[in-house]
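Starting from the given sequences, assemble the full structure and let the hints guide the process.
Chains C and Z, in that order, give the protein sequences. Counted the way the numbering used here counts, the first sequence spans residues 1 to 648. Counted the way the numbering used here counts, the second sequence spans residues 1001 to 1331.
Everything labelled a hint here was simulated from the structure, so no lab data went into it. No residue lacks a Cβ here, since even glycine has one placed at the ideal position from N, Cα and C. Warning: the hint list may mix true and false statements.
Residues from chain Z that face chain C, not an exhaustive set, calculated with beta carbons under 7 Å [what the hints assert, rightly or not]:
#1 Thr1036
#2 Leu1037
#3 Phe1055
#4 Gly1086
#5 Gln1090
#6 Val1165
#7 Leu1170
#8 Leu1172
#9 Gly1174
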Amino acid sequence: MELTKGPALASLGGLLLSVLVLIWLFASPTIPQPPGLQQNVTAAKTAPPVFVPPSLEALKTVKWSPQRVVSGFDVLREIQAPRPAPLPEDEALRLRNTDPQSNARIAAAVGRLPRSDEEVDWDATYFRYLPSDVRTFNYIFYSSRYEGEVLPLVYAGLFGFDSNLVPLAGAETVSEWSTSEDRMMDRVVLRDDITWSDGKPFTAHDVEFSFRTIMSPDVRCPAVKNGADKLKMVKAYDARTVVYFHKEPLVTNVFNLNFPIMPKHVYEPTLARDPTMQASEEHIRLSENPVTSGQYRLVSWKKGQEIIFERRPEWYERHGKRIRPKPHFKRIHFRIIADRAAAFLAFRSGEIDEYELTPDHWALQTNGDDFHARATKVWGTEWSLYWIGWNQRPIPDAPYFKDRRVREAMAIAFPYSEFIEKITYALYQPATGIFHTDSWMADPALQPFRQDLPRAAKLLAEAGWADTDGDNILDRMENGQKVPFRFSFLIPAGNPLYGNIASLQKRDLEKLGVVCEVKEMDFTTVQALAREHRFHAICFGFGTGADPDTVRNILGTKAYEEGRNFTGYSNPKVDDLLEKGQKEFDPARRAAIYREVDRIVATDLPFSFVCFRPTLAALSKDVRGYNFSPRGPYGFTPGVGAVWKKKS
Amino acid sequence: MLQHLLRRLLLGLFTLVLITITVYGLIRSMPGNPLTLLEGGDPMGIANPGVRTVFYREMEKEMGLDRHWLVGYFNWLGDLARGDLGRSLQDRSPVSAAIGARIGPTFLLSGTSLALAFLLSIPLGIYCGARSGRLPERAISTFLYMLFSLPSFVAALYLLILFSVELKWLPLRGMHSSDEALASMSAAGRSWDLIKHMVLPVACSTYASLAYYVRFIRANLQEAIRQDYIRTARAKGLGEAAVVVKHAFRNTLIPLATLLGLTLAHLMSGSVILERIFNWPGMGLLFFEAIGRRDYPVIMGLTLSFSVLVLLGNLLADLLYALVDPRIRFS
Chain C
1 MELTKGPALA SLGGLLLSVL VLIWLFASPT IPQPPGLQQN VTAAKTAPPV
51 FVPPSLEALK TVKWSPQRVV SGFDVLREIQ APRPAPLPED EALRLRNTDP
101 QSNARIAAAV GRLPRSDEEV DWDATYFRYL PSDVRTFNYI FYSSRYEGEV
151 LPLVYAGLFG FDSNLVPLAG AETVSEWSTS EDRMMDRVVL RDDITWSDGK
201 PFTAHDVEFS FRTIMSPDVR CPAVKNGADK LKMVKAYDAR TVVYFHKEPL
251 VTNVFNLNFP IMPKHVYEPT LARDPTMQAS EEHIRLSENP VTSGQYRLVS
301 WKKGQEIIFE RRPEWYERHG KRIRPKPHFK RIHFRIIADR AAAFLAFRSG
351 EIDEYELTPD HWALQTNGDD FHARATKVWG TEWSLYWIGW NQRPIPDAPY
401 FKDRRVREAM AIAFPYSEFI EKITYALYQP ATGIFHTDSW MADPALQPFR
451 QDLPRAAKLL AEAGWADTDG DNILDRMENG QKVPFRFSFL IPAGNPLYGN
501 IASLQKRDLE KLGVVCEVKE MDFTTVQALA REHRFHAICF GFGTGADPDT
551 VRNILGTKAY EEGRNFTGYS NPKVDDLLEK GQKEFDPARR AAIYREVDRI
601 VATDLPFSFV CFRPTLAALS KDVRGYNFSP RGPYGFTPGV GAVWKKKS
Chain Z
1001 MLQHLLRRLL LGLFTLVLIT ITVYGLIRSM PGNPLTLLEG GDPMGIANPG
1051 VRTVFYREME KEMGLDRHWL VGYFNWLGDL ARGDLGRSLQ DRSPVSAAIG
1101 ARIGPTFLLS GTSLALAFLL SIPLGIYCGA RSGRLPERAI STFLYMLFSL
1151 PSFVAALYLL ILFSVELKWL PLRGMHSSDE ALASMSAAGR SWDLIKHMVL
1201 PVACSTYASL AYYVRFIRAN LQEAIRQDYI RTARAKGLGE AAVVVKHAFR
1251 NTLIPLATLL GLTLAHLMSG SVILERIFNW PGMGLLFFEA IGRRDYPVIM
1301 GLTLSFSVLV LLGNLLADLL YALVDPRIRF S
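What follows is the structure, encoded as structure tokens:
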């Protein structure tokens, strides 16, 4: 038998095919670059004017106003104090959480802080679920939500905000915090009893060094640079005193102060050898075995599997004396589980202590005795908004959503009640605008959106869309050509809720003669297409920032190129209000500004505001100190630090 | 023989270049790049507001993303010629180390699964081929067909619910127990621990291929049994076992060797879905994550490894032909 001819012929065929593919690839364009790139790069090369900080003597002449230095635990106790006395805990945790009353009782029971040290199981481990691994333990390079949750446990921070999103400096690390009269400087005096895990003291020089490192052009940490770059300079005047210099007097300046702090004594010599802080073997080693300063230290990191932290005695004790609140857990053990269904099974089998439920889990899979034997479930408000964006400036150009009337038609074509009742089992809240209805920024006069198909049809007709050829699809003449109303609807894969939203929107638009083609793609692709504005409609979610100024990154005209203004929304009035909002220090006047923004956006409708997602938590029954905030259960100070386990 | 080998190796090398250049061109044409997730790594925008600042542009230049993808490909090829697979664009760790850490678990899982599938499918396939049409054969074939139709991720979740959550006989996830638990175990205890962790993932990755191989062997055997030489063997008074195993089954070995060659690549590629569900630290999961993060060097390192294995598998199958069929000569 002759075997050489067959493979040779097959290989030749393969070669021919490959060459054809190659020709096509050669002809393909390079990565598309949105406009503005060249300008930005040029701008970066322009050297900023040199800023000379004032001397220590000059600072003494400045008039300083003291700011809020407080322990997050004390704030949480104050917030919890007016709550009615909870039911006996055993009784509360036997409830099945079927209505707001039972939820309030369970929330009070699982949320309370320990009354005494005797109640706490100090040897306990808190098993947490992490859907995705962190990339590094070098805090300067963090970028994802999960890194934002994990890394602060091992690094001390100076600033934060409470569960009402009011900024504070943590009393665990800061002695004094004051702002200059012109609001161009913040002065912080650190406590002198913070140490790095190698025993060296944590000083103001570390803060200054970290700022300089973050702003170094060689260090590629864009997520952290964004914020720190709003500062003019950070200068340590002695081991404990550090002053932050701002570029402008803004309400939001406080949010630029909380950049990661790294040990100068460790990184100063290594940066001299590798200015990127990432490339050398020693930097890779340090990113896996970091020198840290927080409540916990890293004891084990098995990539893709688990991360284990252990309490640091030097954080809370010195010479046998308690200097700070003792971290509640001996260990915090993150189990990294990529598959959500497998993670839910891990919760059911007791391998993890907390799990964020979907509406289906809540309504259908957590009602049995087996679940309640070891766990409870509880919900709390979160300001995370699901929305559908209507692209007004798509690439390539398309006429669908430029007209406000069409966007309103889209918004009132969505079956809000059906979605909330049937898909989310009435667990999610209807939205009235871009700000959560409970927030001080939301316009209280706005009402939740309701479906109104007859009015939607009328609006589409007014905007010139009609079925002129009897094919049951609306059309309109654009530049001498008939354009059918057939648009693509981009959704990220992996979250069934996006699919449900898209299906309902598609179904009801068909009744109006509008064809919606749903395209489900991986998150990276959706993110890239959204950035490049290469979509017609998109479904996404946004969490809240700690300050309403963060919506500028969604609504501002300038955010079209650099931010998350995917839909190309532009309203000079909104731009103007957002500018004013960040400079207005009077709370009442500031609230009025953002309420007006809320009102205008709810009229302009760059988005359909679908719903707000609450936190739906499943917890082991021995977990306490679990509290909610607009930014989720851990998105505030002390966050996970408040959680503890009750001694059995 | 040597000349044939050399020719195949050279052709294989050329094929590798074509595969890698095609894959590199395709991944660079996908929307997004390694910075896409860095810009918006937080879908809800809580930790990272996702401002595409000038810094990202500088990083794009540094990573060479502003240049034509062919430049990037030839850079990668140049590094490869020096024995360097490059570094991950996400955590800057060497690609070879990332693959090295994942290859063992994947080999363990898929090697066991492949060996089990062949060991079980050969006797079952021979039995089904020889006893075709009888009740036990029908029952086995129907059962295997049902198994073949059952998606492995569904089976995985139900098996986990039964054996890990309800009965608590087997561990839920991972490859080992915790370090603390392992420290107190003897060598035998550790092996038992590993076996317990392997049971469900191996079962899930074996059953579908088992069903496929059995049907494959059965079909080939039935064809062989209809041949004249089998009638001759029976006519000269050979026992049924000798007829089926020595005469009929040996003639089904060529397609089986082809199948073995083709499945060799699976030894390394792993299964994305099963590795996700069982949190098995293998290559499939690494590949899936690398694509999501557009981590080009990792994707290319893995593509190269898979391609080499496919080509080696094909070569091995060719060599096996000569082994199982003395009539075959390479020229």
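Outcome of the hint check:
1. Thr1036: Holds. Min distance 5 Å.
2. Leu1037: holds (6 Å)
3. Phe1055: Result: holds, 4 Å to nearest chain C Cβ.
4. Gly1086: violated (12 Å)
5. Gln1090: Cβ of Gln1090/Z sits 5 Å from chain C, so the hint holds.
6. Val1165: holds (5 Å)
7. Leu1170: Given a least distance of 11 Å, the restraint on Leu1170/Z is violated.
8. Leu1172: holds (6 Å)
9. Gly1174: OK, holds: Gly1174/Z within 7 Å of chain C, min 6 Å.
Consistency with the previously given hints fails for numbers 4 and 7, ordered from lowest to highest.
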